[in-house]
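J.: Each chain, letter by letter, is given below.
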Amino acid sequence: MREELIISGRMNPMVDPTLNIWHWQIPLYLFLGGVAAGILFFASLYYIMGREKKYPAAIKWAPMLTPFLLILGLGALFLDLNHKAFFWQLYLTIRLESPMSWGAWTLLIITPVSIIWSATWLKELKPEWHWKYPILDQWEAYFKKHRFVIAWIMLLSAVVLGVYTGILLSAFNARPLWNTSILGPLFFASSLSTGAAVIMLMAKSHLERNIFSRIDLMMIGIELFLIVHMFMGFQASTQVQIDAANMFLGGQYTEVFWIFVVFIGLVIPAFLEVLELLGFKIPIVITSTLVLTGGLFLRFIIVYAGQASRYLY
Amino acid sequence: MRFAMAIDTKKCVGCSDCVVACQTENNVPIGYCRDWVVEVNDGTYPQLEMEIRSERCNHCTNSPCVRCCPTGASHYDYGGTVLVTAHKCIGCGACIASCPYDARYTHPKGYVDKCTFCVHRVKDGLPPACVAVCPTKCLYFGDTDDPRSELSQVLKKRKFKRLIPEAGTNPNLYFLI
Amino acid sequence: MNRRNFIRISTLGAGGAMFGSIGFGNGKEPSLLDRLTGNVHPGESGYLRTPTYCEICFWKCAGWVYKNEQGEIWKIIGNENDPHCNGRLCPRGTGGVGMYYDQDRLKTPLIRTGAKGKQEFRRASWDEALDFVAKKLDFIGKKYGPETVALITHGSGGKLLTTLMKAYGSDSIAGPSYAQCKGPREVAFGLTFGTGLESPEPTDIRDTRCLVLIGSHLGENMHNSQVQEMADAIDRGAAIITVDPRFSTVASKSKFWLPIKPSTDIALLLAWMNVIINNGWYDKDYVEKYTTGFDKLKEYVQPFTPEWAYGITTLDPNMIRDTAKEMANASPAVIIHPGRHVTWYGDDTQRSRAIAILNALLGSWGRRGGFYLPELKEIPEYPHPPFPPVNKSWRDILGGQYPFAELPLANAIVDGSIPGNLKDFQYRGWIVNGSNLNMTMPDTRKTLEAIQQLELLVVIDTMPMEITGWADVILPECTYLERYDVLRNDHNREPVIALRMPATEPKYDTKPDWWIAKELATKMGLGKYFAWKTFEEFLDYKLKRMDSSLEEMKKIGVKKYERSSGDLYFSAENPPVFDTPSEKIELYSGQLEQAGFDPMPRYTPHEEPPEGFYRLIYGRTQSHTFSRTSNNPNLSAIMSENKVWVNPKVAANWQLKEGQEVWLKNQDGSTTDFPAKVRITERIRWDSVYIVHGFGHTGSLLTRAFGRGVSDSALITKVLLDPVMGGTGMRGNFVTFITENPGKEVKA
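Protein chains in written order, with our numbering: chain A, 1 to 313; chain B, 1 to 177; chain C, 1 to 748.
Simulated from the structure, these hints should not be mistaken for laboratory data.
Glycine is no exception: its CB is placed at the ideal position from the N, C-alpha and C atoms.
Please note that the accuracy of each hint is not assured.
[Said to hold, decoys possible] Simulated restraints on C-beta separations:
(1) B:Lys137 <-> C:Ala652: 36 to 42 Å
(2) C:Gly612 <-> A:Gly233: 47 to 53 Å
(3) C:Asp322 <-> B:Lys137: 26 to 32 Å
(4) C:Ile379 <-> A:Pro13: 46 to 52 Å
(5) A:Pro13 <-> B:Asn62: 24 to 30 Å
[What the hints assert, rightly or not] Heads up, incomplete: computed chain B residues facing chain A, CB under 8 Å, no partners named:
(6) Val19
(7) Cys33
(8) Thr44
(9) Cys68
(10) Cys69
(11) Pro70
(12) Lys88
(13) Cys89
(14) Gly93
(15) Ala97
(16) Tyr101
(17) Asp102
(18) Tyr105
(19) Leu163
Work the whole structure out from these sequences, hints included.
T.: The following block contains the structure:
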């Protein structure tokens, strides 16, 4: 029998007996950031492609939510900090090697950009809206004129944000479960899928709903593909990664992952979307909610399970 | 200059004096620790083997914690030690998650804390507190860049292993086996 | 006060320390931000330090207490000149600060208001409490005689209380360190070599080539300098032979580990003698010159072949031969270690005799790498009038039992306090100092039965240990960091003394023992035995007569003297002297024979565990001393509870899981108060279980220790008394597992 134990009573809070440094705040932040990135990605992409008229929900309506999502996400991130009074240290330096650093900077860019973007559409959506100060009108005019530039900035930063939520985790080679480059694409696909789900919810035209339903279906396909590949990759890797994969293949996270993420969050909504495309009437609220739930669970499970996967002891 | 430590698993009796000495020297709050002792037993009675390791931060040459720190609070310092500047630390926990050795913890005051190789003592010409106290003298601290140092000599003479070298961190704790 | 609060307070203190220390240390001025986060380090230079010697265990290593600028105790570092520690304290000594900071400490004198065993006390002033004790002692002395009061003490504080007892008229002054610990080996070595081993044992591990440990888990018991020398021996490639049913830490570092069947050690020792004698591997010259009875021994050990021993010990006969050869090859630089806690099976003096004889055969006594010849410094007495004669000495009270006991037996005092156990005698009062008898003595129930009979129980301690719950008066002593004590004076390679002085004022309303003893004496009209005004004067008087002074000792802490008794080992100029009747090493003991005991050690089979029961083996851990440190915040952070070690085969039989909580029940139906977690490990034999001694505190005022783990004392209801000297053999108890809560009520 092999026995490996720490005999000196090590009990560092949030580290022992298993790592538990990140609680609900981080997965929630990753989820909200992901949804916002998905929405802003589609908004800027389709704006650049000139589909302003065709996809109003994607380009004008849904982005209205993103400042709130991002601020909520940032709030969660802030709550997670243990040395809060010093949070400003984030913005005294840019550390390219640190995903956390470029996440912080990306958020610093994308949050105001999302506010500006939303503001430039406000009058169009709410004709009675008036800015309190004339200077804001001047700014609005200025930003409206440069929407194209803003859209490009938004597109790039949305991609960065969407990928970053995955890379934040995959950069940690200490946690075998996280240490896979598939996590970046997977989280990005999930963020596009959940973003599309929000747009679907807000879309008024059948055409827009239909196209985002197709996009979502495609993203779900990609996600399933990535998940399968992730596990194949783990199984073909070192013992610690096999152990990590086994947490989902018979281990403690098996049920919750396959039921909530794969089945409820991916397979069922995909099925519903196929039915919808085949002409059945499916309430869009159900599909979207399932997709969003799946996205949320994915973040929670990966964050928690990743902390339980380790090299030693 | 490259500070490192060697731990003689053949001599260590696992008394945890290193842990207590670190605690008092560095005012580590009760319930937390910067170093710890691991016991590994293998075999079937009476064919048994035991390894005892006094462990702490590996002060890795390629430290994931320094890499992932968003503010530069975790940094390389004197002699390659990996230190945390408390007033730069925001307590995001990234470095804690990034450490394959689980060598870091959040100090009750909020910042992340860990073994410093007692650099405050080393600068005064004293060995780290754990090394100074070890009753079995199983801890060796020194400069691996200096071939004449006791540490370099021990590493030349003895077989050793490092923990999880496959994590790519290039750790600087050497376990003599 | 809970642990969290302690953390808060101690970190506050620490924070203050770091603020105060700015400017020291590495010479770099800390920035404002560093100050804000308190991330500033003090250095060692520039700090006030005061000498002390450790009171956490009997090794009494000398060290320095460092304080920060606020005068708060910061850390304790070993004194480099002290041969007990060589500048390196063990974890307990390093964690000694926790004893000072422990919020659960006794804070004020207390006088009982409720029933015995209940923590119902009222606060009292020192004057009132000591008056109470003085009057009661006076009453007992007049009614029953002062000899009916016993002092049970462990530690340095007891020295002045001893003076008080002698002045009062009693010599029943016992420490559990004798009959519950090292007594048998002292007697056995005394009978063999004419001198006991004392502490620290004069084992020359530093220069040994072969160290044999029999049931001694050196390294888990942190006998500091011995552990240090053992580590050096490992470095030098010395062979270690460990005999232990448990794969002890040192077993893992040994060239040979002999996983012996418990209770059969004497058979192994006899087989070793057989092999060594019959192969002529013994030191012929040494045996010829210095021993008597070799021929009788040779004849006696003939039947005890390794094959004979195999049937008893389960040890491979070739392994017995190989280890014997290993020892012989190293001879005389070989140590068959006498061990320290040797009260196991009731024939412990005989087993220790076998160890002594084996050492004699290999010629290791008085030889380099074997046993050195220690030397002790004479410390002059502070003048006092002669003590009054004792009406009935402890030996008279024993009435001829245990003829070879050299010191009073704590267990005999317990027995003698229960009416009917002794003819015409009963102890009426106890003064207990630094000794938690509820957990120190085997069979807790018996100890409590004795306490119920007492007319006075005074407990002097720093912590609200279980025994304080039974006291009539509790006198809170300050910790060793806050007081002077008598000079430490233990024998060693060179005579050496050490000073303990207060690093700080006593916390709370606590006092040093010397003060308690002197005040009590004054109240009892015995002040003339404490003629000094201050303790500084008492110490200085002695030191001035030893080429030193208190002033010098405050600066150096430890003073070594030149040897005056010649070489460290036997030599032509330093011929051996054996203080035995034959003036030789007695392989065959006429003294034992005369008293009706076996003149040469005999193997007797001991009871074996019944079906479903396992032999209870207990031992030490490096981070705790007995039961007295379990509440120390620094040390309970290292180990807060004991686990019960179970072999995987046994665990499978019982379907026990790692970490599962079980209660232990012994052969007499005595059950532990609390459950212990199961540790499934190959390190223990399948016929035994193992726990570390000192846990399972029932005293609810010990907030960190209460209810953590199990106490072996409650499971040791069967005591195997050593007829030679009265030691209490405690390894003859068997336990089984209870997986459901037996619903035992715990009386705090």
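J.: Next, verify each hint and record whether it holds.
T.: Verification of the supplied hints:
1. B:Lys137 <-> C:Ala652: 36 to 42 Å: Distance hint for lysine 137 of chain B, alanine 652 of chain C holds at roughly 40 Å.
2. C:Gly612 <-> A:Gly233: 47 to 53 Å: 51 Å, holds
3. C:Asp322 <-> B:Lys137: 26 to 32 Å: Holds - the Cβ-Cβ distance for aspartate 322 of chain C and lysine 137 of chain B, about 30 Å, lies within 26 to 32 Å.
4. C:Ile379 <-> A:Pro13: 46 to 52 Å: 50 Å, holds
5. A:Pro13 <-> B:Asn62: 24 to 30 Å: Distance hint for proline 13 of chain A, asparagine 62 of chain B holds at roughly 28 Å.
6. Val19: 5 Å, holds
7. Cys33: 5 Å, holds
8. Thr44: Where the cut-off is 8 Å and the nearest Cβ of chain A is about 7 Å from threonine 44 of chain B, the hint holds.
9. Cys68: Cysteine 68 of chain B check passes; min Cβ-Cβ to chain A is 5 Å, inside 8 Å.
10. Cys69: Given a least distance of 6 Å, the restraint on cysteine 69 of chain B holds.
11. Pro70: This hint holds: proline 70 of chain B lies near chain A, its Cβ roughly 4 Å from the closest one there, short of 8 Å.
12. Lys88: 5 Å, holds
13. Cys89: 5 Å, holds
14. Gly93: 4 Å, holds
15. Ala97: 5 Å, holds
16. Tyr101: Holds - the Cβ of tyrosine 101 of chain B comes within 8 Å of chain A, reaching about 7 Å at its closest.
17. Asp102: 5 Å, holds
18. Tyr105: 4 Å, holds
19. Leu163: 7 Å, holds
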